[in-house]
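Asker: Using the hints provided, position chain B relative to the given structure of chain A.
If you read the sequences in order, they're chains A and B. All the letters of the first sequence, read from the start, carry residue numbers 1 to 423 under this note's numbering. All the letters of the second sequence, read from the start, carry residue numbers 1001 to 1186 under this note's numbering.
Read the hints as simulated data drawn from the structure, not as lab findings. Be aware that a few hints might be false.
If you want a taste of the chain B side facing chain A, the calculated C-beta under 8 Å gives, among others [said to hold, decoys possible]:
id, residue
1, Asn-1017
2, Tyr-1022
3, Phe-1029
4, Glu-1037
5, Phe-1041
6, Met-1045
7, Glu-1050
Every residue gets a Cβ at the ideal spot worked out from N, C-alpha and C, and that includes glycine.
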Amino acid sequence: MSPLVASIIKEFKVLSRDKTGLLLMFLMPLVLALLMTVLQNSAFKIVNENKVDLMLINNDSNSLFFQNFCKGIEQTGMFDLKINTKEISSKKLSEDKESIVVVTIPKGYAYTLDQEVKAKAEQSLQMFGMLESVSTKGIIGVKNIELSFDPVLQESYRFSIKSTVLSVVMAIQNEMLLKQLFYDVNQSEPDSAALSKILPKPLLLSESLIKENSVANPNATQHNIPAWTVFAMFFTVISLGGNIVREKRSGSFLRIKTLPISITQMLIAKQVVFWIVTVLQTLVLFSIGILIFPMLQLPPLVISSGLLPLFLATLCCGLCAVSFALCIGVYSDTVEQANGFGAASVVILAAVGGIFVPLFAMPEVFKLIANVSPFSWAMKAYYSAILEISPIHKLLLNVLPLLLLTAILQLIAFIGLKRKNLL
Amino acid sequence: MISILGKDASTQRKNVNQIIGYVPQDFAFYEELSAIENLIFFGAMYGLKEQALDNRAKELLEEFGLMNVAERYVKEFSGGMKRRLNIAIGLLHKPQLLILDEPTVGVDVQSRLAIMSYLKKINSEGTTIIYTSHLLKEAEEFCSRIALIDKGKVIAIDTIANLLIQNQCKSLEEVFIKLTGNNYRD
Chain A
1 MSPLVASIIK EFKVLSRDKT GLLLMFLMPL VLALLMTVLQ NSAFKIVNEN
51 KVDLMLINND SNSLFFQNFC KGIEQTGMFD LKINTKEISS KKLSEDKESI
101 VVVTIPKGYA YTLDQEVKAK AEQSLQMFGM LESVSTKGII GVKNIELSFD
151 PVLQESYRFS IKSTVLSVVM AIQNEMLLKQ LFYDVNQSEP DSAALSKILP
201 KPLLLSESLI KENSVANPNA TQHNIPAWTV FAMFFTVISL GGNIVREKRS
251 GSFLRIKTLP ISITQMLIAK QVVFWIVTVL QTLVLFSIGI LIFPMLQLPP
301 LVISSGLLPL FLATLCCGLC AVSFALCIGV YSDTVEQANG FGAASVVILA
351 AVGGIFVPLF AMPEVFKLIA NVSPFSWAMK AYYSAILEIS PIHKLLLNVL
401 PLLLLTAILQ LIAFIGLKRK NLL
Chain B
1001 MISILGKDAS TQRKNVNQII GYVPQDFAFY EELSAIENLI FFGAMYGLKE
1051 QALDNRAKEL LEEFGLMNVA ERYVKEFSGG MKRRLNIAIG LLHKPQLLIL
1101 DEPTVGVDVQ SRLAIMSYLK KINSEGTTII YTSHLLKEAE EFCSRIALID
1151 KGKVIAIDTI ANLLIQNQCK SLEEVFIKLT GNNYRD
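So that you can see chain A by itself, here it is in the shape it has in the complex (with noise of 0.2 Å):
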């Protein structure tokens, strides 16, 4: 057997033995990742979702205009429609969990808009010459369509709802105007296929996104199996920056000096090891993204660009890791010191490099910011291997400044054991 090869069984022998340590790299990872995508699911689903869920609460009569109202709403595209036909209260309302926006149409408002119509259309037609007086009044103080938001919702996209909305309201009382306009000419109801000629068509828009390139927004579980597999990662600090530490203070690399064998391949062997349990990290939460949460009704994990890719990213995050691991562990004079250091580290890079608020999320100074962090460049190259389906020589440039990290902390560490004449 080589010394290698025992160097690494030992490490795995010690590492399987290492009940705190193999939790803390495995279930406290999925459990994260779990409770985040729980927590996070439905602020995701307004963000990226098309459909925001809007319940309809009817408490005028069925009239025409609540008729087109639906349909209307329905054609939009934006919304998850939920009808309401019963008097409902504010409490109630508010144990609503799934509806973000709420439209309620007041008592008898089909016949003031019904009225208010009618009263323009005579004055458009007294305006035109074409009526001597007007006979109909409108009724005043109309009651208005109520719209109730989500506290969560953004101005700009409560803006957005009601924009809509109300061009929904615009285009049934336009409809509205011009019959009765036909009416009080022709004192006979439109026919409503000519009708429908001669009302305005919405002007198409075609869109297009800004940068070719760009990367869809994630949803949670996109975000957080990705985010908490990295964060998994570089917590292993607290099991191989400790282990070395451990070994420089029992003697045992003392011992290691005087045998025929280079210091070196004892932490390569180290290294491979822990690079191994990293690629075993990502394999049991997207496993569990991908089979478990759709049972938990969270939104599945779909990988875009297939299993190439996600390999790839996962190889060079974890070569990171382990080389961050490594290099607390050299300079680290104790196993307290590796773990508080370690441990606090991971979790303020973790914050800054979006993985508890996801990079897209975060305000424009935080995004700069963001670049610091060997997480936010694990991010993205998890999201270009989950989102979209992209060649390889993209995901390579996402990885670039990963490998170059590593490249960094290997020489750190190796400087770190010369100075301690340990190699």
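Answerer: Frame of chain A, contents of chain B only:
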């Protein structure tokens, strides 16, 4: 140039390491592994092949009274058992030169006797032993030549008989006190 058994220590490090055995004062092994696993690992580091390594590991376990606990995790061992294993690891490759750093510190009487007896045996078989200790009586019994070190410097080096005669003392402890004084040495 520092030469060890005819090999240049700076240019032939690998060859030198192959012929020396080092037993540090600290327990330099893996507590999460069993005694046999530790021996197999360190034996592989010395380049011992599988069957030979297995035989040698069992031989040392037997010699140091650890055969019945060979499969137990070392973290469950007593201080004496750990000390014996620590020495056994340094002897795996049958070194020509064995360096021991306080090998009997904190061990029970039986373990100490077993350790010293084995060291005397391999010494008589041709292994050179460099043995550091604060237990000067033990050194007096065990060593043929003594180097007294104070504050990192060798202050006397000779056979025990010569040291006693030159310093007109009855014991090595007296020689040491005479040469270094009564003040604490730390």
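Asker: Confirm or reject each hint.
Answerer: Status of each hint after checking the structure:
no. : hint     : verdict
1   : Asn-1017 : holds, 4 Å
2   : Tyr-1022 : holds, 4 Å
3   : Phe-1029 : holds, 7 Å
4   : Glu-1037 : holds, 6 Å
5   : Phe-1041 : holds, 5 Å
6   : Met-1045 : holds, 5 Å
7   : Glu-1050 : holds, 6 Å
Comparing the model with each numbered hint stated earlier shows that all of them hold.
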